[in-house]
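Undergrad: Numbering-wise (this note's numbering), the sequence shown opens with residue 227 and increments by one.
Just to be clear, a hint being listed does not mean it is correct.
Taking lysine-lysine pairs in the DSSO-like style, the calculated list, with each CA pair at most 30 Å apart, reads [to be verified]:
(1) Lys368 x Lys269
(2) Lys260 x Lys368
(3) Lys268 x Lys368
Across the chosen pairs, the derived CB separations fall in these ranges [unchecked claim]:
(4) Asp334 x Ala274: 40 to 48 Å
(5) Arg337 x Lys269: 46 to 54 Å
(6) Gly340 x Ser286: 31 to 39 Å
(7) Lys268 x Ile341: 42 to 50 Å
(8) Thr266 x Leu329: 22 to 30 Å
Hints in this document: simulated from the structure, not taken from any laboratory.
We put the CB at the ideal spot given by N, CA and C, even for glycine.
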Amino acid sequence: MVYTPDYHLQGGVLIFFIGIYYFWYEWSKAFLEKQALRSTGKKRPLTATENILAGLIAGSATVILTNPIWVVNTRQTAPKDLDDNNNTKEDRKPSARPNNGFLKILADIIRSEGIGALWSGVIPGLVLVINPIIQYTVFEQKYPQ
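Make the full structure from the sequences, and use the hints.
TA: This is how it looks when you write it as structure tokens:
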């Protein structure tokens, strides 16, 4: 495998996304623990419902904050099915196309489709938040701190 600057950048972006999830998860957990302490007057582990809520907040925040990056990434890596003359991929002659950068593609999406297009596909992403919610809830209930 050849390690290019793009490879290292993508690896760093993945770590960044994971960090976003854990930031929001720990923030949500701390907030819920503080509310529990305030209401009962003593420190206690979070209930399963509170862990689910912390995971829901973390997963939803991660999806909403990172979806625009994934939309631009998809546009950058997946070729368009139609060109400007409505020719399909099969009808086109292969040509060298300049590599459009992230910011140019971001600006093109906003200009041509509006800022809301950056969150296309966010609903399936929010549905997929269920998996880490279940995993972290089971983990937190099995191994309380």
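Undergrad: Could you run down the list of hints and mark each one as holding or not?
TA: Outcome of the hint check:
no., hint, result
1, Lys368 x Lys269, "holds, 18 Å"
2, Lys260 x Lys368, "holds, 21 Å"
3, Lys268 x Lys368, "holds, 21 Å"
4, Asp334 x Ala274: 40 to 48 Å, "holds, 45 Å"
5, Arg337 x Lys269: 46 to 54 Å, "holds, 52 Å"
6, Gly340 x Ser286: 31 to 39 Å, "violated, 22 Å"
7, Lys268 x Ile341: 42 to 50 Å, "holds, 46 Å"
8, Thr266 x Leu329: 22 to 30 Å, "violated, 50 Å"
Checked against the numbered hints listed earlier, the structure breaks hints 6 and 8; every other hint is satisfied.
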